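2 protein chains.
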Amino acid sequence: MSTSRRWVQDFSEGSREQRDLLGGKGANVAEMTRILGADRVPAGFTITTAACVAYMEGGSTAPEGMDAEVAEALARLEAHAGKRLGDAADPLLVSVRSGARESMPGMMDTVLNLGLNDASVGGLAERTGNARFAWDSYRRFVQMYGNVVLGIDSDRFEEAIAAVKAARGVELDTDLDAAALEELTRTFQTFYAFPQDPHAQLDGAIRAVFDSWMGDRAVTYRRLHRIPDDWGTAVNVQQMVFGNKGDTSGSGVAFSRDEVTGEAEPSGDFLVNAQGEDVVSGVRNTQDIRDLRTVMPEAHAQLMEILRTLEAHYKDMQDTEFTVEEGRLYMLQTRSAKRPAQAAVRFAVDAVAEGLLTEAEALMTIDAASVETLLSPQFDPSVDYAVVATGIGASPGGAKGEVVFSAAAAVAARAEKRDTILVRPFTDAGDVAGFAAARGILTSTGGKASHAALVARGMGRPAVTGASALKIDVRARVLRLPDGSTVAEGGFIAINGTTGEITLDDVPVTAPGVSDELETVLGWADGIRRLGVRANADTPDDAARAVELGAQGIGLCRSEHMFLGERQPLMAAVILADGEQERTAAIERLRPLQEDDYERILVALDGRPLCVRLLDPPLNEFLPEPHELPEGSPERARVESLQEENPMLGTRGVRLGILQPELYEMQVRALFRAAARVPGADVEVMIPLVDYELELDFMEDLVARVADEEGVVRGRDYKFGSMIELPRACFLADRIARHADFFSFGTNDLTQTGLGFSREDIEARILERYIDVKILDRSPFETIDTPGVAQMVRMGAWLGRKTKVDLKLGVCGEHGGDPDSIAFFHDSGIDYVSCSPPRVPVARLAAAQAAIADRRF
Amino acid sequence: MSTSRRWVQDFSEGSREQRDLLGGKGANVAEMTRILGADRVPAGFTITTAACVAYMEGGSTAPEGMDAEVAEALARLEAHAGKRLGDAADPLLVSVRSGARESMPGMMDTVLNLGLNDASVGGLAERTGNARFAWDSYRRFVQMYGNVVLGIDSDRFEEAIAAVKAARGVELDTDLDAAALEELTRTFQTFYAFPQDPHAQLDGAIRAVFDSWMGDRAVTYRRLHRIPDDWGTAVNVQQMVFGNKGDTSGSGVAFSRDEVTGEAEPSGDFLVNAQGEDVVSGVRNTQDIRDLRTVMPEAHAQLMEILRTLEAHYKDMQDTEFTVEEGRLYMLQTRSAKRPAQAAVRFAVDAVAEGLLTEAEALMTIDAASVETLLSPQFDPSVDYAVVATGIGASPGGAKGEVVFSAAAAVAARAEKRDTILVRPFTDAGDVAGFAAARGILTSTGGKASHAALVARGMGRPAVTGASALKIDVRARVLRLPDGSTVAEGGFIAINGTTGEITLDDVPVTAPGVSDELETVLGWADGIRRLGVRANADTPDDAARAVELGAQGIGLCRSEHMFLGERQPLMAAVILADGEQERTAAIERLRPLQEDDYERILVALDGRPLCVRLLDPPLNEFLPEPHELPEGSPERARVESLQEENPMLGTRGVRLGILQPELYEMQVRALFRAAARVPGADVEVMIPLVDYELELDFMEDLVARVADEEGVVRGRDYKFGSMIELPRACFLADRIARHADFFSFGTNDLTQTGLGFSREDIEARILERYIDVKILDRSPFETIDTPGVAQMVRMGAWLGRKTKVDLKLGVCGEHGGDPDSIAFFHDSGIDYVSCSPPRVPVARLAAAQAAIADRRF
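If you read the protein sequences in the order shown, they are chains A and B.
With full-length UniProt numbering applied, the first sequence corresponds to residues 1 to 857, in that order.
With full-length UniProt numbering applied, the second sequence corresponds to residues 1 to 857, in that order.
Since the hints were made in silico from the structure, they are not lab data.
Predicted, not measured: the structure shown is a model, and the values here were computed from it.
The reader is advised that the hints may include incorrect statements.
One copy or two, it doesn't matter: identical chains are merged, so the pair holds either way.
Said to hold, decoys possible - Only pairs whose alpha carbons sit at most 30 angstroms apart, straight line, appear in this in silico DSSO-like list of lysine-lysine: (1) 774 to 808; (2) 719 to 774; (3) 774 to 802; (4) 774 to 804; (5) 315 to 802; (6) 808 to 719; (7) 83 to 245.
In isolation and in its complexed conformation, chain A is listed as follows (with noise of 0.2 angstroms):
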């Protein structure tokens, strides 16, 4: 930029280095500019962040010198394109567009066709030959500007064109001729003064730009997405070109490779003779971009030639815009292609194997949440279905079989190899046996993170929740879909969990393998990474998949899980033993069955660490409903005296521990002998749900008595430590650690108890509202809350550090399968963290991408 200028920059002058002073989109069209010569790329110039700034700290006042400059940059894109604004004759058109240094979804977007007015849209459809064309192009922008620029709602624009369509007796947009898409504009004309200045036009519309930037939107967005207020909008002004001047013209969007698979070979689609939004609106059939070959062979291969430069210049997969006027190439956009798992691992390898990117800027490129979908069965792509009822997509994959309304029903047609398909209001401890047995969940209540959800994935079960148009009758056996009709126990359904949609028919289910290409790209992450993976499991079958999927170790192993299902009466007798005698007996029966379970994992994990949380959930989930027993009888009375208002706050966790120490001794013995009898077990014994540093005391005592009757010392033979998943654990995390040889971040109860914000209350009735009124973007229970729930966590390892700088550090909520999150945990010095099976390579990919962001590999 010229040292005379402050405030305006032609795209000739800019690069993507300065996205800040350009913002995004303008950055990326001076890159392009840049690389691809003046003459590919439309000419026009950015207004930048700064005047902005000037502008909102000036009071909406444009600071002095930019309405200069602006008028002189407009005078060098008339003298480049040799037309002028608002010339009747051959009016020059441009674009005006929003761009913020990140992309704000809540802003002012885009006015085209600027430049028009009742004088010059004669002039264009003369040049153009084309009457229709150039109505339509006006009516656009007086509708765009009005709607756009003035805010004016766009319902009333809506309205006159049905009402025209009507009068007309047409369906489409494109049936209007150019004399109603005339007197459309006229009406248009009579909802605002619309400004017949070119110059008018172009002053209101970046004004508006930049006054958008502090509309409620934008702020309420920023404050969301922690963007500072003080970044402003850049504003693009750029030359229009038309892909709809006859047969040697076009529009297209172009790939660098195959958006789907990821083949090195460009896809893409384009229309002869239109403008880039028919091609995206689906209006007209469009033609696979191979096709341009043929039809404009020059610009094919200029086309073919730019994508490679693009994507070696970005080092990424490119996604484009172009137009093609009247034979010559335009280049109008660019940026990295979004695309599915199997396309960004495909892309990855190949990028490697072709020397464009090196394993770490190819890591850079996988969206590490997509490649859980890479391990679950899923519905054939296909094949068509029809949809019958949608519920929310909680955990990946399809899955197909047997309607049935209980876990037991599930557990019996398992035995008889019948695929299932488990179908409940909601879920909870009690149903987890069925998701073993079943095929996949499918719920009427619940989000992504209900019990249903985290179970499914916990498991690899694909799963539906929150389908509420389902009603679902458990007593009745039956199933009734929004149309009235119903499926009863042992009908057929199949449920796509990828989606969240259910359909009767029979669709082919495929189970993909790990692929060689995502075997090579989980190997680079492992060689950069930090932060070590483990799994979260609770069988010997959990175990080994862990294991397969490259987990490190299990880093939550929920003992209770082993007491559902078939030995829930035995766990039923050790809470309703009348006096110590029948309780020890009973919990004495529980023993072997710990040892065999825990002597099954240790052999499965072959020396990896185990980690055990002794028991955790509220009593009475192992107890039957108090209204299935006799009224009067002693069994409802000691079921109904162990209901509790609200059994997420109460007798759980080491309260329970301290309460019936026998049950913690049974588990702690049980672990030890295992381990005594598998070589080379490493295991590590978790306290879940300590507030006081004289809880875990007291449990440190009783585990030390077990050890030392086992003969097992600590530190050699296992390690004892404390979950901390409540705020208090966290705010004494110091004199926690005097007791504990690790910590272990529970943060799923510490974001129910740190926000008072019950994950399956809450997810239910509040999420949607929260999300609409722009309060929450996701759940905090999806992704750590990191100005509140995270600080715990990183006051928590603070202070656990200050008492013992070598305390070993552990993830294992749900979170610790979640990219952003896993970003967070790396930041903070956390040492593992631990996920469900399926979200194991997530974790691996999403730890090396914190460690390439934070340049420490």
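Dock chain B against chain A, hints included.
Below, chain B without anything else, positioned relative to chain A:
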């Protein structure tokens, strides 16, 4: 202390300022020696806490010179007494007592009669002419030494005593003659190697006291009470004196003023020819201290003089122990007298009038918590009654009336002016109307911080909770007593909420007013305290009572309490409304009622501030139970859909306000309109359960809009603020403060979420066990958890003031009426506390004490 000595100090050398070095007991004995003269206090010496610390640092080895200094001190004591330790003819006997800086009940206490052995017991018998006394003393010494010094189980001694009594056919210990006691002594000596050498006895006792400092009990106690390990304990060795040497000897306890009424006349008991422990044990009928004037006129006159001296010296009412040995008065102990509230207040007023104390000094002598008992109706203390069951004294005072099992029945009876006791297994928000209508509350579950207890205290209703021996059958409307008998609805019952007792006797109940003395004392407190005191009150009556008790406003008006009772159906109609229009209509029916409530409260407040918390509890609290509605009905389906797993963590507070803004809008409008009708009205709008800045932002906009419509102005006509009652809010208080004029810390919910500990569920199941195993010493809902939850409050206060230096900070949890918590709030810069009306005087007093302790008045 002479410069050559380092570890031992004679009583005659010390003073009460040396509490850190000599411990509490040693310092007080030294102080008495100093002010009353060495002849008045049996001589002795203290082995200092410094010696204990050196002993511990030396790995349980006495520091160099200590043994020699003890030997020298003993020699001085022998010279003073004219007797030698171990002298077979006339032995010197001593007591050995531990005594730390703070009283520590978990530690070793006292060994008496040290110095006796097989040789000297005969000498003592001869000198006293009382062989039984000599052998009883010896027996006690062998028993105490074995138990206290060597840790031998006390059961073994008690079993041996029982065996001897059985063999001799006697019932009381005092019936055992010298021969029996000799036999017992011999038996005891077989339990361990009893050291016959008195110097070895002394040495062993001193070391045992030191070792007890690091014993498990003491360590646990210190951890719990945050007493540093490196304080150490002192050991006091004192010459024994005997009140049982005939009719010119005696022992007694004496208070410097009447310990029940506080009247300015000494009180107490004594026994002629007896030891101190006989007076305390109640084996013999004691004589009133006034009779001492007749029996031993000289000793009496000396004692009266000494009591005056001690009180003037210590500036507090004293509780002393004395012994008269052959006509000579010895003072053994003095300490501040424990006393009931009425005596404490009387003493304070008299002491200031007498010029003994300043107002500030007088305030510090009152146990602030105790004054609550002065304000509630009480069982007539002069009347005996038969206790049929006992629960927890959850809200003080006496109440009696007909048993009712539902709020509705209580309300109906109230309409006919009949007194009732509301009897429920437990209570919830639906029962609140019954609290107002009944005289008292009785439940079979829940502790001091259960819903029943909280609401009862809030309303000043006596309550007994957790009377678990009662079987309350609400359906059959029958109360079954532990003896199997029953009381039907309408039957008579009386409860003592001060003691937890339940009786069927018609005990007279008296209602003391606020005494003139209490008014005087509270007036001083108001002149001294910095912390404001408001009340939590929800009705015009409560507001009037709060003002009467000195509240400076209402800090928490729980608007939802106005929706209970007869208005519950109106609220249920709002929640169950079918569509927007029906809901608006239902809300509009509530508005005039709310307006009227607020107007009457504002009139009662006469210009004092009213802080209204908008609707807080989960909606289902206003609804009938699902099973009360017809199966399959839409009402039942809707009610069922509103049931939550963990309502405490569910759709409550601001979450409700965001889901159904019309409700909050109605409440705010009603408040503004009421305020417009009451001159000088000062209103504050408070949003509950805020987690996110944007929640408060949303509500700020809503309230501002209603304010605009009603023509009221923030700052001038109302203030807007937030509850801070979730851990996240404490972490993000700087952001939340941007939208708030004030914060009010809701420490009840903050404790529940910060600890992940539900009040209702936990106090019923966990607390007792936690106190047993010494993890807690009281409920965290009673006194704020200082190292945990209180730090969250401090963090929230600090961050809030970081954003707004003049942010007003209140506390409106139950902790606002707890003296220990109030001291913390004072220190943390909180502006005011708000508590239930009967706690207002407690809070005024405690706030003044905190200011005095802080020297800030």
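Practice problem: List in ascending order the numbers of the hints, as given earlier, that are violated by the structure. | Solution: 5
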